[in-house]
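Trainee: Next come the chains, spelled out residue by residue.
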Amino acid sequence: MTKKFRSKKAAERGANAAIYIILVIISVIWLFPFFFLVIQSLRGEEGASTMYFWPQQWTFDNYIGLFTDTDKFNFPRWYGITLVISVVVTLIQTTIVLITSYALSRLRFKMRKPLMNLMLVLGMFPGFMSMTAVYFILKLVGLTQNMGLVGLILVYVASSCMGYYICKGFFDTIPKSLDEAARIDGANRQTVFFKIILPLAKPIIIYTILTAFMAPWGEYMFASLIVNGDPDNFNIAVGLWEMLNRETINEYFTRFCAASVVVSIPITILFFCLQRYYVQGVTGGSVKG
Amino acid sequence: MTQNVTELDYLKMSAWQKFCYKFVSFFKAIPLLFLNFFKVRIPAAAKRVGLWFKNFGLTIYSAAKYGDWKTRFSFVLFGFSQLARKQWLRGLLFLAFETMFILYMALFGWQYLGMMGTLGTVESQWVENPWTGLEELVPGDNSLLILLYGLLTIIFMLAFVYAWYHSIRSAYNTQQIEEARQRLATAKDDVKSFVDDQYHKTLLAVPLAGLTIFTILPIIFMIFVAFTNYDKAHTPPGSLFTWVGFQNFIKVFGGGMAGGTFGRTFGRVLLWTVVWAFFATFSNYILGIIVALMINKKGIRFKKLWRTVLVMTIAVPQFVSLLLMGQMLGDHGIINNMLKSWGLVKDYIPFLSDGLLAKVTIIVVNIWVGIPFTMLISTGILMNIPEDLYESARIDGAGPVKAFFKITLPYMLHVTAPYLITQFIGNLNNFNVIFLLTYGGGPSLPLLGYDVTATDTDLLITWLYKLIFRNNDYGVASVISIMMFLMTAVVSLVVYNRSSAVKNEEDFM
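Sequences listed follow chains A and B, in order. For the first sequence, this note's numbering assigns the number 1 to the initial residue and increments by one for each residue that follows. For the second sequence, this note's numbering assigns the number 1001 to the initial residue and increments by one for each residue that follows.
Read the hints as simulated data drawn from the structure, not as lab findings. Remember, it's a predicted structure, so these values are computed and weren't measured experimentally. Fair warning: there could be bad hints in the mix.
[To be verified] Below are the DSS-like pairs computed for lysine-lysine, each with C-alpha atoms no more than 30 angstroms apart in a straight line:
| # | chain 1 | residue 1 | chain 2 | residue 2 |
| --- | --- | --- | --- | --- |
| 1 | B | Lys1402 | A | Lys8 |
| 2 | B | Lys1232 | A | Lys139 |
| 3 | A | Lys202 | B | Lys1192 |
| 4 | B | Lys1201 | B | Lys1054 |
| 5 | B | Lys1298 | A | Lys8 |
| 6 | B | Lys1297 | A | Lys9 |
| 7 | A | Lys176 | B | Lys1188 |
| 8 | B | Lys1304 | A | Lys8 |
| 9 | B | Lys1298 | A | Lys9 |
| 10 | A | Lys113 | B | Lys1028 |
| 11 | B | Lys1054 | A | Lys113 |
| 12 | A | Lys110 | B | Lys1188 |
[Said to hold, decoys possible] Below, a sample of chain A positions facing chain B; criterion: calculated Cβ distance under 7 angstroms:
| # | residue |
| --- | --- |
| 13 | Phe109 |
| 14 | Phe136 |
| 15 | Gln190 |
| 16 | Trp217 |
| 17 | Ser260 |
| 18 | Val262 |
| 19 | Pro266 |
| 20 | Thr268 |
| 21 | Thr283 |
Virtual Cβ for every residue (Gly too), placed ideally from N, Cα, C.
Pulled out of the complex, with its shape left as it was, chain A reads as follows (with noise of 0.2 angstroms):
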């Protein structure tokens, strides 16, 4: 008996090691391309690719030439744009996610159901496809090239309600008895949604606030689009995108890489700051389905 007792408690270290082992190896493959880019960051000589991985000279030229070299690189200013934005998307997005799920949670009338089918199909539609319709109409009111940055954030928030899903569902959990009780003591449908609905919808908020914020860095088709080749105009993406360019990839890898590392390092600390309603977002979104 105790024979077996003990080999069983031997099998299950066994187990626990192979599972560290794996542990181990999993968090060497998800975490070497970061390590990656840092070290490139770093790398005093120039090309896309060395035959060696540590860089042979350390500098921190890169992070510097990203500041001061403006001329054909303005990154400084791309940062800049896309920080704005980037706030001003999460203000507007976070507000019409928020009252399109409320209403269509807590209100009810006649064209509910077909509006949700609506947005639900309408989202289906390939996004680019609608592109150039969208940029003659952004045109027609002139908001093309050098007003990009508004026409821009129009463009990003204006189908913004279409992601009314988690939101609404979590709006949907909220007790509705909470509402009713308040209506009996007068409390109109306004004062039922800013003085009990908010208040308890915090964490879907703050979910709701950081992937809002986090999209623009990283959107691409729209933003090359719009600005349609205006240097002055990039965001992030695009400015990243034309650095590894085939002509400037060698001279400019190591900057690229620089760059991803300024741009990742406050939306990586923020993204960790609020993980945890972050999962609380997507756990409580897909499982309800």
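Go by the hints and put chain B onto chain A.
Mentor: Chain B only, in chain A's frame:
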């Protein structure tokens, strides 16, 4: 349950059988949905529309017949009846809308509407300027703008008719209320109702306006483009394009394009899209669960650390990590260089430049991208699986592998089936992973006499992108995207309307 399987039969099935049954019945539901759509939904919708028009007619008729002069004058001047009866807010709103519409039509709309039938007749051409002797471009009609602004005008016109109807109805209502000597709603009442009974209108006005202009109008536009010959040779403003009926559809499906290779390429790309979506979805799903299980296992320490490491891929913008991965895996990227310098390989490995290997690489990289999501989602669910299930399985002699397939996976599939299917649809349209990883290039498929070829790794969506932005093949691209749209829309509508979230929507309330 459908008719063929009774409740009892279903309960007798094993978990796997249940899943397979659900899977099959899902696809069975698609034709049923169509049938339902044509037999029930369309007649019902037609009935509703008919009813609306009947109401429309009745309202207009009775307003014209029984209305006093104030109401009748509202036929021409929106909001007149309301203004005359001191409902300032409503009256002014209607009036403002009419003014705006007339201004829009007079200054802008009418000229485009007239040319919708032909999409323009005057080509722009180079003409010698008699004063300077230089060639000058005289701009002609721009088919693209005619189509777009024409559609915009039609949407406004429909809105106008709708507003006209509401204006008259409200005018007549006001009159009736006045005749009955009841109190008319004041501006204050109107404002009040917009934060209470009609709060949905207040809330949804702005979101829906944005949706109409930036999503619905462009989609309608692209659907119309599928019936035109808008391509490289017919690109405004240089030249015109016009209606061609179903020619583009025949081109794509009839196989006549690019020496018959177009249809074949389309087939290959479509096949790879489906294969990719399948592998990308399930590899992420199963491996993600396994990783989550390993991290959650009792006795494993530093759980938070492992999770944090994996979550890095979500936190760092995908744009950065995918472009970087593309560089690392390139023919002369760091991985090939390292392997060569260690003497492990003689020649570089064509990770992204060989058709088949590129497909494998992309799926593997996608696993790198996707596992953290599945891990996050499944962690919570895994903790809900009762521990005694595993305990009794162990006593009955089941090993960990068997327990995984008999307990964990069925449980997960049951709970997260909707997530799985949305993932599948998302992967059908996964632009980022393919495009950024291959930097929009890769090994190409043969396409005779055609400028832009699809590559081996192209999904329909990335191919579309190339067709549009490198070859301006809008007509053909629109056809393909309509097909894609139908495919995904049908699947997702079935999923959405069958999912428990919709059926049990009122559960919590």
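Trainee: Run every hint past the structure and note whether it holds.
Mentor: Each hint tested on the structure:
Proximity of lysine 1402 of chain B to lysine 8 of chain A is assessed by CA-CA distance (about 18 angstroms); at most 30 angstroms being required, the pair is judged to hold. Restraint check for lysine 1232 of chain B and lysine 139 of chain A: the C-alpha separation of about 21 angstroms stays at or below 30 angstroms, so the hint holds. Only pairs whose Cα atoms come within 30 angstroms are accepted, and lysine 202 of chain A paired with lysine 1192 of chain B is accepted, the gap being roughly 28 angstroms. With a CA separation close to 24 angstroms, the supplied pair lysine 1201 of chain B and lysine 1054 of chain B stays within the 30 angstroms bound.
A C-alpha spacing of about 15 angstroms is found between lysine 1298 of chain B and lysine 8 of chain A, which places the hinted pair at or below 30 angstroms, so the restraint holds. For the suggested pair lysine 1297 of chain B and lysine 9 of chain A, the alpha carbons sit about 15 angstroms apart, so the restraint of at most 30 angstroms is met. As the CA atoms of lysine 176 of chain A and lysine 1188 of chain B are separated by approximately 29 angstroms, the hinted pair is consistent with the 30 angstroms bound. For the suggested pair lysine 1304 of chain B and lysine 8 of chain A, the alpha carbons sit about 27 angstroms apart, so the restraint of at most 30 angstroms is met.
For the given pair, lysine 1298 of chain B sits about 13 angstroms from lysine 9 of chain A by alpha-carbon distance, which is consistent with the 30 angstroms threshold. For a cut-off of 30 angstroms, the pair hint linking lysine 113 of chain A to lysine 1028 of chain B stands: about 24 angstroms separates their Cα positions. Restraint check for lysine 1054 of chain B and lysine 113 of chain A: the C-alpha separation of about 23 angstroms stays at or below 30 angstroms, so the hint holds. Only pairs whose Cα atoms come within 30 angstroms are accepted, and lysine 110 of chain A paired with lysine 1188 of chain B is accepted, the gap being roughly 25 angstroms.
For phenylalanine 109 of chain A, the suggested interface contact is upheld, since its CB lies about 5 angstroms from the closest CB of chain B, less than 7 angstroms. For phenylalanine 136 of chain A, the suggested interface contact is upheld, since its CB lies about 5 angstroms from the closest CB of chain B, less than 7 angstroms. A hinted interface residue such as glutamine 190 of chain A counts as satisfied when its beta carbon comes closer than 7 angstroms to some beta carbon of chain B; here the least separation is about 4 angstroms, so the hint holds. Checking tryptophan 217 of chain A against chain B: minimum C-beta separation of about 5 angstroms stays under 7 angstroms; hint holds.
Because the closest C-beta pair between serine 260 of chain A and chain B is about 4 angstroms apart, less than 7 angstroms, the hint holds. For valine 262 of chain A, the interface hint is violated, the least distance from its beta-carbon to any beta-carbon of chain B being 10 angstroms, above 7 angstroms. Interface hint at proline 266 of chain A: violated, since its Cβ lies 10 angstroms from the closest Cβ of chain B, which is beyond the 7 angstroms cut-off. With 7 angstroms as the threshold, the beta carbon of threonine 268 of chain A comes within range of chain B, its nearest partner Cβ sitting at about 4 angstroms, so the hint holds.
The interface hint given for threonine 283 of chain A holds, since its Cβ lies 5 angstroms from the closest Cβ of chain B, which is under the 7 angstroms cut-off.
Figure legend: structure checked against the earlier numbered hints; hints not met, in rising order: 18 and 19.
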